[in-house]
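Asker: Fit chain B to the given chain P structure using the hints.
Protein chains in written order, with the working numbering: chain P, 1 to 263; chain B, 264 to 615.
Hints are computed from structural coordinates only; laboratory data are not their basis.
Fair warning: there could be bad hints in the mix.
[Claimed, not checked] Below 35 Å or equal to it, Euclidean Cα-Cα: the simulated DSBU-like pairs (lysine-lysine) are:
(1) B:Lys555 - B:Lys512
(2) B:Lys396 - B:Lys355
(3) B:Lys532 - P:Lys123
(4) B:Lys289 - P:Lys106
(5) B:Lys423 - P:Lys106
(6) P:Lys172 - B:Lys479
(7) B:Lys479 - P:Lys123
(8) P:Lys246 - B:Lys479
(9) B:Lys396 - P:Lys123
(10) P:Lys106 - B:Lys493
(11) B:Lys479 - B:Lys339
(12) B:Lys493 - B:Lys532
(13) P:Lys246 - B:Lys592
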Amino acid sequence: MRLTILLSSVLLAAASMAEAQHVVVPEVLPAEKHIPTTAAKWEHSIQAGLNFGASAPLSIPDNIRKINVWAPTFAPMIGYEVLHNIDRKWAVGAAVKVDMKGMYIKDQVMYLPTIITTDGGGKFEGTFSGTNETHVRNSYISLPVHVVFSPDKNWKVKLGLYGAWLFSSNFKGTVSDGYIRNGGPLGEKVEIDEASFDFGHEMNEFDWGVQAAGERMVGKKIAVLANFNWGMRPLFPSSFEGMNFKLYNMYLTLGVRYYLPSF
Amino acid sequence: MKKQYASLILLLGAAAWQGCIKDEPKNPEADIESFVVDQASLAGNVTIDQPNRRIQVYLTPEAYQRGIAPVLQLSKGASSVPASGDSIHFDKPVQYTITSQSGANSKTYEVLVVSLGNRYFNFDSWVQQSTDKYEYPLEPDGVQLWSSGNPGVALSGVDKDPKAYPTRSTTDSYTGPFAAEMVTREGTPLSGLVGIKLFAGSVFLGTFNSQKALAKPLEATEFGQPFSGKPKRFTGYYKYEPGASYQDKSGNIIPGVSDSCSIYAVFFKGPDRLNGTNVLSSNQIVATAILKDGSARAGFTRFDIPFEYVSGATMSGNMMLAIVASSSKDGDLYKGAIGSRLVIDSVNIIHE
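Same shape as in the complex, but just chain B:
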């Protein structure tokens, strides 16, 4: 009986407030939430890079010539130019401008067609993300194949400065003006609140899904890009210097343990990408090439790793390739040594 009175009071309390609730604000958001292209036109799944407002489509040559008519799902009440269902052609740059229901906000997404021919990556072209100021590499044709953990680090309140992020460009390169530099850094006071004391640097072929960055961080790193051909060897150059003190997830220093880097390539059945939970264990995997010894290398050192094919695994449909490099091997578990520095350059997939 007492309980009933208590709940009655709580309900009355809530009801009293409810009278003061105003009309719902008009939606200020302007996302392209999904970008659906006829499956027959696709050679790989569409990716929407929300932080960089870029949509990448992997088209068959016929679809590229003919054009496509994507169906868009937008934030509630938002409108787009061109409209959902309109045909777009790739003889000139394609952009979608989305205006929020509130009318106050709009954002522009760029649509890029990804060619599957890229197999050599020299990390010579980098751009800065516009609001959070982290760097990421772009391919010569303007598409983005590589991502990093930086979009996740950006949520933890780091300084808006490229050097504050664990993954960035460096002029300490093997060839060309730049290479990819990864330096494991300490967490921020904000990340400490959710138990993250360390951020490892990482670059990977794939996309970072910000939506999952806090709730399911391992699933936020979506590994792989469409790949044609059969890879034989994974080659490149790297140098590595582990940080002084290895720490566990709680930030306790573990004496006698040295940090190591990880560099590997995974060839797998698409079109669904792998992620941090299954990149080396999924049954989609057809072959892997893994750097066995991730210890210190003072100068640029060449690696040349043959792909080892999983016995019985067959290639089918849309094959994909992931390349992953990290300055701390256990960085996905927030373990490693602050200051560990990995530089990679001139990465190549040699194929049949």
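One chain only, chain P, in its complex shape:
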């Protein structure tokens, strides 16, 4: 929460600073000198990239003993962005993106508490020790807003927030080669060859977070970009008891941007 307040105030301060400069600019110098010659006041661009990262706990709980494999899945991002240049160095921007976030993980867990519920009211509570494999692939419509700082004409640094709406969710996998204890650590041991789980429909439908990006022009119209976006809201609501730790979206987007002709 504190981070949120801090970020918001940074954004507000940046915006008002930019606004103040914007207001005083015409009185001091001709406006066009403050707007980069290569960029119009409004800049429109389309972007595409791939997301790499994890939907993971901030700190790995001691129930997770070993990560055997972690792999990004094919998780593309496409989007449209508009920037409003305030002066040569500062701009504000907003975008709309279709963002897929996913990963595959295989890990060894020990005494992991879980409660599995089904729509029909079935409920099983216990602790699992063994192998877990999870496939995550979630699709969001995300709306980032950011303040943009351009130290020179090739570079842009962006800092902001995003809100994201989940429109398609996939969070499923298997537990295998282990055992579950009925009710908790003192319950009887039940061996598991393989059992599957699917928590996709239990996820939070809204995510929001912070994002920071760096971009570099590599041509007249094309830039390469790296955008780190970090969800502040857990993937699952607090009522969800399938695992005893909270997962957050932490993804790095690597991609390209193409600036559309001004209109």
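Answerer: Positioned in the frame of chain P, the structure of chain B alone reads:
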């Protein structure tokens, strides 16, 4: 080459995470995993009933008088009072308290000596399992000879209510206050995920091995208790009403098929128990007594079935007896009719 890069990336990915792995948590588990008694003291294999935290030993009369010094295997890091290898005597109740390595958890197992004299079962004394709330019968001396499929059903997320389980007590008895009631019930949403659409009620002489309940369900029902003497006839009382619609494993209704119950006794060479895969086919079997007609019986009906001895089979060492009753004959294959109800009471093994 591409493949090598891919695996390199995956390994680096895993390695990056590995740095964040914390120290292993201390073991919160407190099981007696095995309870080993000198073979010369035993008249049958030791059973550990994990859900009910009860260890049953079948001792020779000398061992019963002298006491035994069991060697325990515990959950990793756990400790026990009394310690493994200490002598125990049966002049007073014997309990083992196991404390987990984490120190946070402990559980107490009760040790019971089973006498081999029980041959008459009237299902008049029932107790409730403490956490999952299913019922099971106890003998007058407090030992547990009968089990059911209930511990397996408990894993499927049924309500924690004795009546939610397919096997329970009923006051609809032939003699005494209670009888054993088995009612085939529908599966749960959770059991449906693993393809189980139906649970038949069952009682059997033996133990339920929860450890195998999900991975190898047919092997989880371990049939038989030590038995002395040579059984001649298997008698008792039952009533049976099949459910309305017979269904196959997938839950499809099969028209024209009526459910039937099964009641049988198997006399076999121990000390290894039979299970759902071999209870009627094992070469350990010496004799069987099987109810041939499992169709409907409105009122309590007596059965009296002679044991048929397998020709050439010989009795040797630790003999055992299994009695099995189920409200759906094919319940082990998850086939039957929901609502089929079997009640049995006053079961007796008449022997020479």
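Asker: Taking the hints in turn, state whether each one holds.
Answerer: Evaluation of the provided hints:
About 24 Å separates the Cα atoms of B:Lys555 and B:Lys512, which keeps this hinted pair within 35 Å; it holds. With a C-alpha separation of about 28 Å, the suggested pairing of B:Lys396 with B:Lys355 holds against the 35 Å cut-off. Taken as a hint, the B:Lys532 and P:Lys123 pair is broken in the structure, with Cα atoms around 40 Å apart against an allowance of 35 Å. At roughly 23 Å between alpha-carbon atoms, B:Lys289 and P:Lys106 fall within 35 Å of each other, so this suggested pair holds.
Proposed proximity of B:Lys423 and P:Lys106 is supported: the alpha carbons are some 34 Å apart, at most 35 Å. A C-alpha spacing of about 24 Å is found between P:Lys172 and B:Lys479, which places the hinted pair at or below 35 Å, so the restraint holds. At roughly 21 Å between alpha-carbon atoms, B:Lys479 and P:Lys123 fall within 35 Å of each other, so this suggested pair holds. A distance of roughly 33 Å separates the Cα atoms of P:Lys246 and B:Lys479; the hinted pair therefore holds under the 35 Å criterion.
Simply put, B:Lys396 and P:Lys123 have alpha-carbon atoms about 15 Å apart, close enough for the 35 Å limit, and the pair holds. With a C-alpha separation of about 56 Å, the suggested pairing of P:Lys106 with B:Lys493 is violated against the 35 Å cut-off. About 25 Å separates the Cα atoms of B:Lys479 and B:Lys339, which keeps this hinted pair within 35 Å; it holds. With a CA separation close to 12 Å, the supplied pair B:Lys493 and B:Lys532 stays within the 35 Å bound.
Straight-line distance between C-alpha atoms of P:Lys246 and B:Lys592 comes to about 47 Å, which puts the hinted pair past the 35 Å bound.
Of the hints listed earlier, those the structure fails to meet are numbers 3, 10, 13, in rising order.
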